[in-house]
Amino acid sequence: MTVMIYHNSDCDTSRSVLKIIRDAGIEPAIIDYMATPPSHEEMLALLLAMDMAPRQLLRTMESTYLSLKLDDQSKTDRQIIDALLAHPELIQRPIVVTEKGVKLCRPKTNVLDLL
Numbered sequence: 015m016t017v018m019i020y021h022n023s024d025c026d027t028s029r030s031v032l033k034i035i036r037d038a039g040i041e042p043a044i045i046d047y048m049a050t051p052p053s054h055e056e057m058l059a060l061l062l063a064m065d066m067a068p069r070q071l072l073r074t075m076e077s078t079y080l081s082l083k084l085d086d087q088s089k090t091d092r093q094i095i096d097a098l099l100a101h102p103e104l105i106q107r108p109i110v111v112t113e114k115g116v117k118l119c120r121p122k123t124n125v126l127d128l129l
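Position one of the sequence shown corresponds to residue 15 (my numbering), numbered consecutively onward.
Heads up, some of the hints might be wrong.
Said to hold, decoys possible - Here are the computed lysine-lysine pairs in the BS3-like style, where the Cα-Cα straight-line distance is at most 25 Å: (1) Lys-33 with Lys-117; (2) Lys-33 with Lys-114; (3) Lys-89 with Lys-33.
Claimed, not checked - Cβ-Cβ distance ranges computed for the label pairs, FRET-style: (4) Asp-65 with Ala-38: 19 to 29 Å; (5) Ser-88 with Arg-36: 34 to 44 Å; (6) Lys-83 with Thr-123: 31 to 41 Å; (7) Arg-36 with Gln-87: 31 to 41 Å; (8) Gly-39 with Ser-88: 41 to 51 Å.
Calculated directly from the structure, the hints in this document are not laboratory data.
For every residue, glycine included, the Cβ atom is placed at its ideal position computed from N, Cα and C.
Please work from the sequences and hints to get the whole structure.
Here it is as structure tokens:
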């Protein structure tokens, strides 16, 4: 099984999901999205696969969220995606991709549906 994780090593949940994947005997492809954010097209594909609006992927407790005024409901999906890509700390994590689907693995047990 091919597994890919959009991972942030500073995040407890992301580290826990990575451990669950490895404990299942799978070594995933790890994408450090903080260093290498997805392209606009990749982000659109992830959002589509998860059936999520861009706003749903925002980490609202980050200071960047408020400084960019992302709580303004008049911001378009394009503006939200642009902010996510320019400031990857705003992206909820981890996102896991397998043949079974794509999920934001919050809570961490969401990953079990994909393995």
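Hints versus structure:
1. With a CA separation close to 16 Å, the supplied pair Lys-33 and Lys-117 stays within the 25 Å bound.
2. Between Lys-33 and Lys-114 the alpha-carbon distance is near 19 Å, which keeps this suggested pair within the 25 Å criterion.
3. The hinted pair formed by Lys-89 and Lys-33 fails the criterion: a straight-line CA distance of about 36 Å is larger than 25 Å.
4. Taking the beta carbon of each, Asp-65 and Ala-38 are about 24 Å apart, inside 19 to 29 Å as hinted.
5. Range check, Ser-88 to Arg-36: Cβ separation about 43 Å, and the 34 to 44 Å hint holds.
6. Between Lys-83 and Thr-123, the C-beta spacing of about 34 Å keeps the proposed range 31 to 41 Å intact.
7. One distance hint, 31 to 41 Å for the beta-carbon pair Arg-36 and Gln-87, holds here, with the actual separation near 40 Å.
8. Taking the beta carbon of each, Gly-39 and Ser-88 are about 47 Å apart, inside 41 to 51 Å as hinted.
Hint compliance for this structure: hint 3 is the single one not met.
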